[in-house]
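Peer 1: The lines below spell out each chain.
4 protein chains.
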Amino acid sequence: MKIFDYQTRVRYAETDQMHVSYYANYFVWFEAARTEYFRAIGLVYADFEKQGLFLPVAEAHCRYLGPSCYDDALVVRTVVSQMRQRSLRFEYQIFKNLPQVANPFEGAKPIAAGYTVHVFSDANLKPARIPDALRSKVELASLDMSQSVRRSNFR
Amino acid sequence: MKIFDYQTRVRYAETDQMHVSYYANYFVWFEAARTEYFRAIGLVYADFEKQGLFLPVAEAHCRYLGPSCYDDALVVRTVVSQMRQRSLRFEYQIFKNLPQVANPFEGAKPIAAGYTVHVFSDANLKPARIPDALRSKVELASLDMSQSVRRSNFR
Amino acid sequence: MKIFDYQTRVRYAETDQMHVSYYANYFVWFEAARTEYFRAIGLVYADFEKQGLFLPVAEAHCRYLGPSCYDDALVVRTVVSQMRQRSLRFEYQIFKNLPQVANPFEGAKPIAAGYTVHVFSDANLKPARIPDALRSKVELASLDMSQSVRRSNFR
Amino acid sequence: MKIFDYQTRVRYAETDQMHVSYYANYFVWFEAARTEYFRAIGLVYADFEKQGLFLPVAEAHCRYLGPSCYDDALVVRTVVSQMRQRSLRFEYQIFKNLPQVANPFEGAKPIAAGYTVHVFSDANLKPARIPDALRSKVELASLDMSQSVRRSNFR
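Chains as they are written, first to last, in the working numbering: chain F, 35 to 189; chain S, 35 to 189; chain D, 35 to 189; chain Z, 35 to 189.
Incorrect hints may have been included.
Identical chains share a label here; the pair holds if one copy fits it or two copies do between them.
Below, computed lysine-lysine pairings styled on DSBU-like, alpha-carbon distance capped at 35 Å [claimed, not checked]:
1. K160 to K130
2. K160 to K143
3. K171 to K160
4. K143 to K84
Bear in mind the hints are in silico, worked out from the structure with no lab data behind them.
None of the values given here were measured: they were computed from a predicted structure.
The task is simple: from the sequences and hints, build the whole structure.
Peer 2: Here it is in structure tokens:
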């Protein structure tokens with residue numbers, strides 16, 4: 035599995051008085067997508083922590099290309115784009131209200147695109163090697179981030 | 035005023051089970067710092083919105099250089115590093131538990147560094163010109179972000 | 035439909051350094067459950083707001099009977115227990131990690147139980163009558179809250 | 035000290051698309067007020083946790099009497115209204131934008147009133163006795179909650 039699509043809905047709690055989703059919440063959705071990405075490849079991130087392995091965030095970035103609103107159905111496309119000795123890089127694109135068709139992503143433009151970098155760490159937050167179970171299961175992929183560099187039509 | 039220092043404390047709500055502040059909350063602190071930056075130069079951002087002007091986020095980035103924990107006293111150094119026709123760029127550095135000395139920042143290393151880019155917009159989220167009242171009061175500045183590019187000693 | 039079961043998972047963002055879900059987040063789950071309750075009876079709450087009808091919270095209560103943790107699969111049992119001229123009362127019970135059996139609730143004890151009271155309001159937050167479309171579709175029910183009054187075995 | 039007043043401002047993150055503060059955030063402010071209540075009587079709650087003592091929430095309640103909005107200056111009146119062998123009960127009233135006068139609370143009506151009940155626990159969340167250092171410093175008080183039982187004029 036190279037690409038994982040995590041689905042969620044914008045909660046009322048996640049909106050702000052601009053009538054759109056508050057910007058920090060995109061990072062919460064990225065996190066939820068990571069959890070489900072791991073489950074989709076047969077791993078439970080919670081188990082890593084029980085074994086004393088943690089995945090803190092070293093860097094986070096998001097470009098906001100269009101708004102999302104309360105009750106919008108979101109899809110967070112999620113890939114691992116880089117894996118080093120101790121670090122992982124995830125890339126994400128968020129789509130909203132995709133049509134119920136054979137290939138809903140065709141022609142769809144993301145409303146947000148971002149990445150996070152993580153360093154595998156032990157319980158004292160010292161860097162640790164990525165476990166083999168994880169290394170063997172991740173298949174690297176990349177998302178077309180070019181459209182997210184274009185001048186946003188929204189903000 | 036070129037540099038504004040916003041002070042806050044890490045709330046219990048802002049921690050996660052890794053015993054550190056959850057990464058998305060750094061963007062909430064950036065936001066609170068922006069509000070107080072505006073007030074410090076004599077403007078109330080809430081008034082802009084009452085006049086139909088909004089400042090949505092177009093891009094957000096944070097590099098995490100060290101952990102922060104519940105009840106840590108944080109300082110968010112805040113500057114406007116760029117101002118164009120319609121957009122503003124803020125830069126931030128977060129410090130924790132600074133000593134009570136004459137120059138607490140001397141030798142202090144930030145635990146996080148980031149930026150946000152904003153596009154002034156009207157009520158329909160279409161780009162709008164930055165109001166003169168704002169333009170005339172902002173003094174550009176930059177933070178030394180070099181140390182935040184170094185390999186983090188923590189994660 | 036008298037009882038609606040909303041399913042969600044505890045996000046990392048929703049935990050705190052006590053290694054359990056932060057207490058305010060139970061109210062966020064209650065809210066997400068309300069949205070899906072409405073959808074399940076054929077109504078979209080977002081549409082109410084587009085028509086100028088709002089459902090602010092007048093009162094909220096939760097009793098915490100046991101912990102929930104990161105990645106726990108939660109079920110929020112949701113009913114409307116009272117409907118007056120302008121107000122609605124929801125009751126909730128939260129269960130975690132229910133077994134995959136015919137009647138997973140048999141013998142299961144909730145980890146939390148609560149209620150919220152709402153007053154239908156217009157755009158100026160003045161009380162308004164509950165729309166007939168809603169009134170005709172809600173079937174009142176109640177949850178057995180007796181066990182939630184017992185002395186908690188946990189906290 | 036019987037009554038502690040915690041001050042905070044409504045963050046943009048804390049609003050929702052109803053243009054008011056999201057209801058769950060009142061419980062976050064209650065929590066921040068508790069932390070500062072402890073500090074005001076000479077105790078640091080973070081130190082309790084370092085010694086293996088925790089204060090999980092057993093029950094939480096809030097009545098919303100009027101809205102609060104972005105940038106409103108809030109005061110959270112905080113008292114301990116009950117102390118048993120293992121449990122504490124806090125009561126809160128929230129006021130907004132109080133005037134800068136000698137007695138700002140005179141005639142002021144709270145926009146919210148609530149309480150939380152806590153059970154002192156050890157690291158395994160088993161009940162524990164309240165430490166003497168705490169017991170000796172808390173002075174019980176109560177807030178006039180009568181006005182919060184009246185029919186809200188707002189919601």
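Peer 1: All the hints need checking, so say for each whether the structure fits it.
Peer 2: Here is how each hint holds up against the structure:
Taking CA atoms no more than 35 Å apart as the test, K160 paired with K130 passes between copies only; the shortest distance there is 20 Å, against 38 Å inside one copy. Proximity of K160 and K143 under a CA criterion of 35 Å is satisfied inter-copy only: 18 Å between copies versus 39 Å inside one chain copy. For a Cα distance limit of 35 Å, the shortest separation of K171 from K160 inside one copy, 24 Å, qualifies, whereas the shortest one across copies, 39 Å, does not. For the homomeric pair K143 and K84, the shortest alpha-carbon distance between copies (25 Å) is at most 35 Å, but the shortest distance inside one copy (39 Å) is not.
Going down the numbered hints, you'll see the structure goes against none, and every one checks out.
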